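S.K.: Line order of the protein sequences matches chains W and V.
For the first sequence, this note's numbering begins at 105 and goes up steadily by one.
For the second sequence, this note's numbering begins at 272 and goes up steadily by one.
Which chain V residues face chain W? A few, computed with CB under 10 Å, are given here:
| # | residue |
| --- | --- |
| 1 | Val609 |
| 2 | Gly642 |
| 3 | Phe670 |
| 4 | Tyr701 |
| 5 | Cys749 |
If you're looking for bench data, these hints aren't it; they were derived computationally from the structure.
Remember, predicted model here, so these are calculated numbers, not experimental data.
All C-beta atoms in this analysis are idealised placements derived from N, C-alpha and C, irrespective of residue type, glycine included.
Below are the chains, spelled out letter by letter.
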Amino acid sequence: MEWELSSILFAPLFAAAVIGIFFRKSRWTGAFLSVSSAAFAFAMTMWLLLEASVPQFQSSFELFKLGSFQLDFGYLFDPVGKNMMFIVAFIGFLVHVFSVGYMKDDDAKGRYFAGLSFFMFSMTGLVLSSNLFMMFVFWELVGFSSYALIGHYASTEAAREASKKAFIVNRVGDFGFLLGIIFCWNALGTTNFVEIAQIMKADPSAASTGMGLLILCGFLGKSAQFPLQVWLADAMVGPTPVSALIHAATMVAAGVFMMVRLTSIGFVTPEVLDVVFVLGALMAFCAGLWALGQNDIKKILAYSTLAHLGLMGAACSLGYELAMFHLTMHAFFKAALFLVAGSAILACHHEQDIYKMGGLFKKMPITGVTALFATLSIMAVPSFSGYYSKEGIMLSAYGRALSGGAFDAFVLLLLLGASALTPLYMGRLFFNVFMGRPHSEAAQHARESSLWITLPLLVLAVYSFVGGFSMAYDFKWLGGKMDFLMPSAATQFVSEIWDIHYLGLRKLDGAHAFETALVLVTVVVFGFAYIVYGGSRGCDILQKKLPPVYGALRKHGWFDVAYNWYVAKVQQRFAILLATFVDLMLIELLSVRGVGVVCAVIGQGFKKMHDATSNSQVKWLVGGVVLLFVLIYF
Amino acid sequence: MQYFHSIMLNAGVYAPLLGAVVIVALWTYMGARSVRGIAMAAASVSLLSALSLWADYFLELSAGGKGVAVFSDYMGFLPAFGLNGISMPMYALAGIVGFAATYWAVISKMENPRLYFTLLLFMQGGLMGAFAATNVLWMYMFHEFALVPTFIAMTIWGGAGKRIAAIQMAIYLTLGALVSLAGIIALYMQTDAASFEFGAIVQAMAAAPLDASWQGWIFALLLFGLGTLVSLFPFYSWAPRGYAAAPTSFAMLHAGVLKKFGLYVLIQVAVPLLPVGAIEWGWTLAVLALFNVIYIGLVTMAQRDLKLMVSYSSVAHMGLCFLGIASMSVIGAGGAVVLMFGHGLSVALLFLLSNVITNRTEQWDMLQMGGLYKQTPVLAAMFVMAIMASIGLPGFANFWGELSVLVSLWNFSPAICALGATGIIISAVYGLRAVARIFMGEPSEWISKRFGAIADISVKERIPAIILIAALMFVGFCPKSVTKGLDADMKDIPAYSESK
Chain W
105 MEWELSSILF APLFAAAVIG IFFRKSRWTG AFLSVSSAAF AFAMTMWLLL
155 EASVPQFQSS FELFKLGSFQ LDFGYLFDPV GKNMMFIVAF IGFLVHVFSV
205 GYMKDDDAKG RYFAGLSFFM FSMTGLVLSS NLFMMFVFWE LVGFSSYALI
255 GHYASTEAAR EASKKAFIVN RVGDFGFLLG IIFCWNALGT TNFVEIAQIM
305 KADPSAASTG MGLLILCGFL GKSAQFPLQV WLADAMVGPT PVSALIHAAT
355 MVAAGVFMMV RLTSIGFVTP EVLDVVFVLG ALMAFCAGLW ALGQNDIKKI
405 LAYSTLAHLG LMGAACSLGY ELAMFHLTMH AFFKAALFLV AGSAILACHH
455 EQDIYKMGGL FKKMPITGVT ALFATLSIMA VPSFSGYYSK EGIMLSAYGR
505 ALSGGAFDAF VLLLLLGASA LTPLYMGRLF FNVFMGRPHS EAAQHARESS
555 LWITLPLLVL AVYSFVGGFS MAYDFKWLGG KMDFLMPSAA TQFVSEIWDI
605 HYLGLRKLDG AHAFETALVL VTVVVFGFAY IVYGGSRGCD ILQKKLPPVY
655 GALRKHGWFD VAYNWYVAKV QQRFAILLAT FVDLMLIELL SVRGVGVVCA
705 VIGQGFKKMH DATSNSQVKW LVGGVVLLFV LIYF
Chain V
272 MQYFHSIMLN AGVYAPLLGA VVIVALWTYM GARSVRGIAM AAASVSLLSA
322 LSLWADYFLE LSAGGKGVAV FSDYMGFLPA FGLNGISMPM YALAGIVGFA
372 ATYWAVISKM ENPRLYFTLL LFMQGGLMGA FAATNVLWMY MFHEFALVPT
422 FIAMTIWGGA GKRIAAIQMA IYLTLGALVS LAGIIALYMQ TDAASFEFGA
472 IVQAMAAAPL DASWQGWIFA LLLFGLGTLV SLFPFYSWAP RGYAAAPTSF
522 AMLHAGVLKK FGLYVLIQVA VPLLPVGAIE WGWTLAVLAL FNVIYIGLVT
572 MAQRDLKLMV SYSSVAHMGL CFLGIASMSV IGAGGAVVLM FGHGLSVALL
622 FLLSNVITNR TEQWDMLQMG GLYKQTPVLA AMFVMAIMAS IGLPGFANFW
672 GELSVLVSLW NFSPAICALG ATGIIISAVY GLRAVARIFM GEPSEWISKR
722 FGAIADISVK ERIPAIILIA ALMFVGFCPK SVTKGLDADM KDIPAYSESK
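Same shape as in the complex, but just chain V:
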């Protein structure tokens, strides 16, 4: 079984990278159809890897096994991969959203498909690797692999305002990544660890604990570096315009999966290793995160552009994830992971459906739409589901995440809990407003001219949406599939289990 796991894990990471290499190597022989075939095959391998490992992992845990089911560095020179309760959902998320995003790219038309799919596959491989790596430096490297294609794709296939958005995004994210790299290096140097391997750092820290002031400094570097990657207030302004300008598949992958990397490293590495630093910065983090929830939430309410609305809402939702981390408890951090999983799926779904909608309306402004449900009942139902998932309706994964985070916050501070909970009202306001503006009421003047020509979402377009909805509802109905591993692994991390 061990053998099977490591093959699956490596296949999940390397299949997309290999696919990209194949496309580049056979560049001149590649037609639009063959690149699509390669991309689809690679994404399927990743999806299969993610789902099979997830299923196995859950079954093993349910049978009373010890969680750390997957581990592989048998090749010696390849980076070590492994999955625990925290990275498993993220890895699964990358597989699922990656498949949906690739599928969406495969069925859409674009110029220069070879380059497009090369970049997309690189990104996909980077994402799978970032969550599978157990070596902190490799986590970072894989993240960069995934990050760079976004900028390139934006400048080539992006929408309005792409140049400035791409430059801004590149500067912000490179800077954020650099600061967090400084943090990672400082961690390695100060602990005198044998390698960047996570286990090695833990061992070194057990032998010689880091003093409080260093913990504070390193945590600050990681928090603000990674925070920028996750659009923590006030380092968020790259996100909305960046996503709005990015091509859909990249926006899905970036907002859905890559953005979660910062949170993931905070939960997986920073807080467990630097609990003192995390406590020191807890309140700062909580207050900044509240700005994400409330301030960005209000800004989202004022958006008229559908894609900007979705982008801002994704920034706003990151606030609750940060709050979960700030609570430093199994409930809060575990809830944050569930929310990351759910949000990754729901925001990818929203980007996808927004694209489907605007392809039909030729218009981004929600006030210029209206009454679409008559022409597009299935699209309307799917969009309502996506919005309901994202505003935390029970039955979708996000709800359990939001609920756990809020539950954990009461212990941190009832006031923060109450302020964080206003998010459920704010998100309902902008979410339902979007549904009402796009699908309900009378068609606007703009839309009524082309109303008859608007067709419902096609069967081809439905497939990625159905995959995302199915995943959302699966975890929504069976939250144990994610929380079981989280609970098992986080119990053993003193930073989470001791405080509360």
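So that you can see chain W by itself, here it is in the shape it has in the complex:
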């Protein structure tokens, strides 16, 4: 299986290199190569998932060795990896196809597709890595591809700042992550997931909270959680397909994937999980609120992504299969929503303000239907895919609050708030973009996008609808004949545990009432959203009636303000102080030049004394005689 995995991994890298070197300026060759590499990777992945019967494959190859430190380049293709690999290859392929339509007028297509292929390479590597060091390598590489793609429109100020910010904020997270990995290697002697699993099985006390907390930093950076969430909303200046693939479906979910992988092998202690639990829930709630303060369609979706990543984080602590389940469903409906946004933006000539759109449902039926399906899915309306995963998470949180203390109840409240906010901001988006009447010239003349765009949309609409059902119950459509739509190898990781877990949850006191209430709340809030935000006003009612509240939401917790203040007023000033005062004044001028001056002065003094006049010669003579006497007699 090794060469198959290698071909999945390296085909996109090869495509990226060839495009970068030879087809930088080409109109379509680069796109063709990139899309074919993604198609190849997808086909190969599906083939492996459908045909290969090995439940867990691992390999290793020594990359380098120094003393006791040996770093292996290895693959681990186990159920959780298969699940993630399916998402990456599947969504990746769809986004590649979508990009052909979306980027058709871009004059840097070569760079774009090379970047996209490079991302596929890095992301695949991250999923397949068999140890933490290797994961870190690809972790950095996805960070780089994200940087490069956010900065695609490099001549704009926004892209310049956002790409830099994304990379640096991620590096802050990686700093902790790397220390955690090093800690792990020193404490356990290995970072291989399979070996860690064995160690933890033999001695669960080998897991340490410090180690887990450090590694958690990686999750906070990559998945944009408190307090490192600031980069994600800015990252939306990248091309929309990039936002769909990298900043919604796969890369930001890599943090969750890593946590799931480590939780499932017993690496993460309950204390760490408590931290993720509350941080995630907090993010889910706050990001839901902040989404109401944005008018840019992509930023609303970005905050919604933050909220759902928070939900997944919290789910890690409730049962890692729930997090993976929601990750998969989220990949479907959020990718769909972003692609919908891309289609709408393209149709409205790069207008991103939802209040300048409107009435698109009639003009763009396919985009509209996809948007509807994805919206119903993200709101967790029963029988849509998002419902299955979210219901599991909410029920588990409910169960935990029933038997737990105030902490668990608090988190449950946050999660309830978050799930009530979802229909509100999604309704706001949907009603203003697709219903009512158009509010700009561009929206007036919007037309349905080309097949390159609508086909991926339709596919994702289908998955936003049925994905959850087949994943939750490992359902075999038509007796397994439709397995290729969602290979059971990819769903096994979740369905195996979920069935049992879910049955247990159903037996909780009031579980049924809780579920019903959740659905009711969703419907009611969606209706409420229509009353408040619907009706095609062309402006935000909150912005008009309660500007301070709207402004506060818009500022999303003043994190950016605080960080910008820190960077500009503290860090940069401190650096300038060091550079001018310490480096230039103290060291360069005072010490170095100072020594020079002292030497020069002493030299001048000696020179004065050696002026070879008779006067000074007498002085030297007398002085010498006195010195001689002193030396002799004392």
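Starting from the known structure of chain W, fit chain V onto it as the hints suggest.
M.R.: Okay, now just chain V, sitting in the frame of chain W:
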């Protein structure tokens, strides 16, 4: 094979020196074209020597051979040369960067090319010899050969502030070299060795071990003497302004290769011979090195001048190499060598590309640039690669070095490890800032006036950059090519293998 190796090794060292001698001997007959031809030929011989020996060395190791593949003193009166796992990457680095620097000089215009190339070839020969010599005194002598041309070149072809920078650099580096010479002589005298030959000193020390206080003293002399050559805090202030003023080829060779000599001697000679002294000074070294990483890193952030930024960043990166040495382990010291290799290539590349950029913008201030990528996409891509290599992105050699050093530091002290790791954030801040300021965003007022006339990096200029990038990525994808020899040889050095 042995015969072939020694010929290659001697050729690599003597070809540039011979080239310089030929230019001097035929001074009046030398035109601008012929000196360029001689320089190019000599640098090619060095490159060929470096690459062939490296390849052979690696193949022999992979086949299960014993590493010390190269050794030559068959001429009797010539200094003995040899390469082991530690010096092999350095020798290869000198060959590669030397070739790129010479190539860059060959395609650029300058006054008095005869003198320029004489000095450059002397420097190149000195560098190859310093890493090939097995005699500690010869290491030192070859280093001086390489050092002196820098000062002369700076005073003649240097940029702004060259006089003071050159004097300061000369005083600092001569002083540093003298202190380390004192250390080398003390080592020789105290061990009562038969000669300055490294093997002889090892033998003498095995017979009569040096007591702890002498070890401490000698190590201190070597540490601070060599530390000054490598710009260890607080003896660094010659470096930034010196590099900023030096002509590009010399800056590439000095920052890329010559500066690594101090670290190389510490790893190859000082720590293995004086482990007790090294342990005694370990914490001092680590703390000073942290200043390099954090303090110089912050100073780098505040730079607006592109060349000063690159120079300061190179001082900052030396901190991690020192930390690797302080950890006194195969992982740390080996990682330091990998990092030295990677950093040598990446900083040379950065100097080269900075020159390409400023040739076009006629401006050093990064705030006065902006938006250049539209005119210079290939240059922008190369610069991004250089920055990414230098801030330790996987796929380039530097990453493996930084990673190994940090891994080794945890055992030394988790706190030092954590502080040292802040370097990955700090370097990202200034590195990406440079990319953003130069290539992204809107062109500044200054640059927009000449924006249309700015051309992308020419094919001629691309060649040295591609060589450096290729070497960086080769080791980035195949770190074994360097670490295999390091691992094999360092395992046998008790100072590295016993402590951890």
